[in-house]
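Peer 1: Protein chains in written order, with numbering that gives the first Met the number 0: chain A, 0 to 211; chain B, 0 to 211.
It is worth saying that the hints were derived from the structure and are not from the lab.
Since we're looking at a predicted model, the values are computed, not measured.
Be careful, since some hints might not be right.
[Claimed, not checked] 27 Å max Cα-Cα, derived BS3-like pairs, lysine-lysine: (1) Lys41/B x Lys55/B; (2) Lys41/B x Lys55/A; (3) Lys34/A x Lys55/B; (4) Lys55/A x Lys34/B.
There are 2 protein chains.
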Amino acid sequence: MSKTRAEQTVPTRERILHAGAELFRRQGYAATGLKQIAAESKAPLGSIYHFYPGGKEQLGEEALIVGGRFFLALYEQIAKEAPDLPTAVDRFFSGAAETLLETSFADACPIATVSGEVASTSERLRRASEAAFESWLEALTDDGCAAGLPPQEARALAQQALALLEGAFLLSRSLRSVEPMDACGRAAVKLVSDALDASAPEGAPDVEGRSG
Amino acid sequence: MSKTRAEQTVPTRERILHAGAELFRRQGYAATGLKQIAAESKAPLGSIYHFYPGGKEQLGEEALIVGGRFFLALYEQIAKEAPDLPTAVDRFFSGAAETLLETSFADACPIATVSGEVASTSERLRRASEAAFESWLEALTDDGCAAGLPPQEARALAQQALALLEGAFLLSRSLRSVEPMDACGRAAVKLVSDALDASAPEGAPDVEGRSG
Numbered sequence: 000m001s002k003t004r005a006e007q008t009v010p011t012r013e014r015i016l017h018a019g020a021e022l023f024r025r026q027g028y029a030a031t032g033l034k035q036i037a038a039e040s041k042a043p044l045g046s047i048y049h050f051y052p053g054g055k056e057q058l059g060e061e062a063l064i065v066g067g068r069f070f071l072a073l074y075e076q077i078a079k080e081a082p083d084l085p086t087a088v089d090r091f092f093s094g095a096a097e098t099l100l101e102t103s104f105a106d107a108c109p110i111a112t113v114s115g116e117v118a119s120t121s122e123r124l125r126r127a128s129e130a131a132f133e134s135w136l137e138a139l140t141d142d143g144c145a146a147g148l149p150p151q152e153a154r155a156l157a158q159q160a161l162a163l164l165e166g167a168f169l170l171s172r173s174l175r176s177v178e179p180m181d182a183c184g185r186a187a188v189k190l191v192s193d194a195l196d197a198s199a200p201e202g203a204p205d206v207e208g209r210s211g
Numbered sequence: 000m001s002k003t004r005a006e007q008t009v010p011t012r013e014r015i016l017h018a019g020a021e022l023f024r025r026q027g028y029a030a031t032g033l034k035q036i037a038a039e040s041k042a043p044l045g046s047i048y049h050f051y052p053g054g055k056e057q058l059g060e061e062a063l064i065v066g067g068r069f070f071l072a073l074y075e076q077i078a079k080e081a082p083d084l085p086t087a088v089d090r091f092f093s094g095a096a097e098t099l100l101e102t103s104f105a106d107a108c109p110i111a112t113v114s115g116e117v118a119s120t121s122e123r124l125r126r127a128s129e130a131a132f133e134s135w136l137e138a139l140t141d142d143g144c145a146a147g148l149p150p151q152e153a154r155a156l157a158q159q160a161l162a163l164l165e166g167a168f169l170l171s172r173s174l175r176s177v178e179p180m181d182a183c184g185r186a187a188v189k190l191v192s193d194a195l196d197a198s199a200p201e202g203a204p205d206v207e208g209r210s211g
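Here chain A stands alone, though its shape is the one from the complex (with noise of 0.2 Å):
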């Protein structure tokens, strides 16, 4: 922590990585030009073509897969420091609705609006956005069946619980309001809890820790 930490000492390739990932996820990954992202990264071009021989079709994977990891790395504090999933998954909605604010609607989902775009058109790219949501099905899956869900039934919850972040995520930014993410914040919460209550033995008493 002596040393500033000025632009030039974060590497090229890094810089061009970050770049284009923010691009892809705030207009799309066919808007976005290398000519922008060389820009934006304040990179030559030819750097771009350097450290992604592959072009943009491998920067936009990079983009997918780093986008991946950083969503699960928040879920995965979140999750960490929260009592209880209901709580967990109410904070992640909550920090959703307060960046789509802070950020004018444009930061959401670092990987939903390629996703959409690609889907059916580069099974390379449709593969790494399917990564991403896998890893993030999966841990929440992990934590619906440490909380006591059959496992089919926690993938399905996750599925639902995700399914609301990412239509909440197009509806307000669409909107220009987080009332769709408050409401589908509440109606996750409720699915999650209501499946805990649902899988709780019989006239057990409340289990520690989820009455807070």
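On the provided structure of chain A, position chain B as indicated by the hints.
Peer 2: The following block gives chain B in isolation, referenced to the frame of chain A:
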């Protein structure tokens, strides 16, 4: 019905709009060029500029309007034939899953992909997607109110059900599986049914036609 409706009997303007809307939905707005639209609609490039002097943005806007009306009409038809709101919601999700399977996961929401791309980059197109989403939310909210929900709750429920549908489209296309659509359909039906049950007068018998 005495004459076969040959391709050339569909007016050029409509063919262009239909081709544009299909391409926007499947591969996104930015990835779709006017040349591709001309080729798909078997119309000369010049006629696109003739019918759409505002160019691609005008065409995109009309495609969002038409897509919005199409989904609204689809929902209204299903809702009219269903005995109650949970059944209507269930049938809409089932139909979405069938369409995904029939089209190799290409035909999903006519608004979503473009909406995600343009939310932060074209105010004109963002407004068009907002209007489409709002028309669906209003229809769902009206039906929730007609079924006995307070307006604010009906509005939240509409946002939750639509977010589940949009999120499920995204996940199902990316994972190439209708598993998310099925799980989200169950969640939407549960949310609607629970809300109706909670709003029913206490101690009242089940509302007629809602037990099926």
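Peer 1: A separate judgement is required for each hint: does it hold in the structure or not?
Peer 2: Going through the hints against the structure:
no.: 1; hint: Lys41/B x Lys55/B; result: holds, 17 Å
no.: 2; hint: Lys41/B x Lys55/A; result: violated, 31 Å
no.: 3; hint: Lys34/A x Lys55/B; result: holds, 22 Å
no.: 4; hint: Lys55/A x Lys34/B; result: holds, 22 Å
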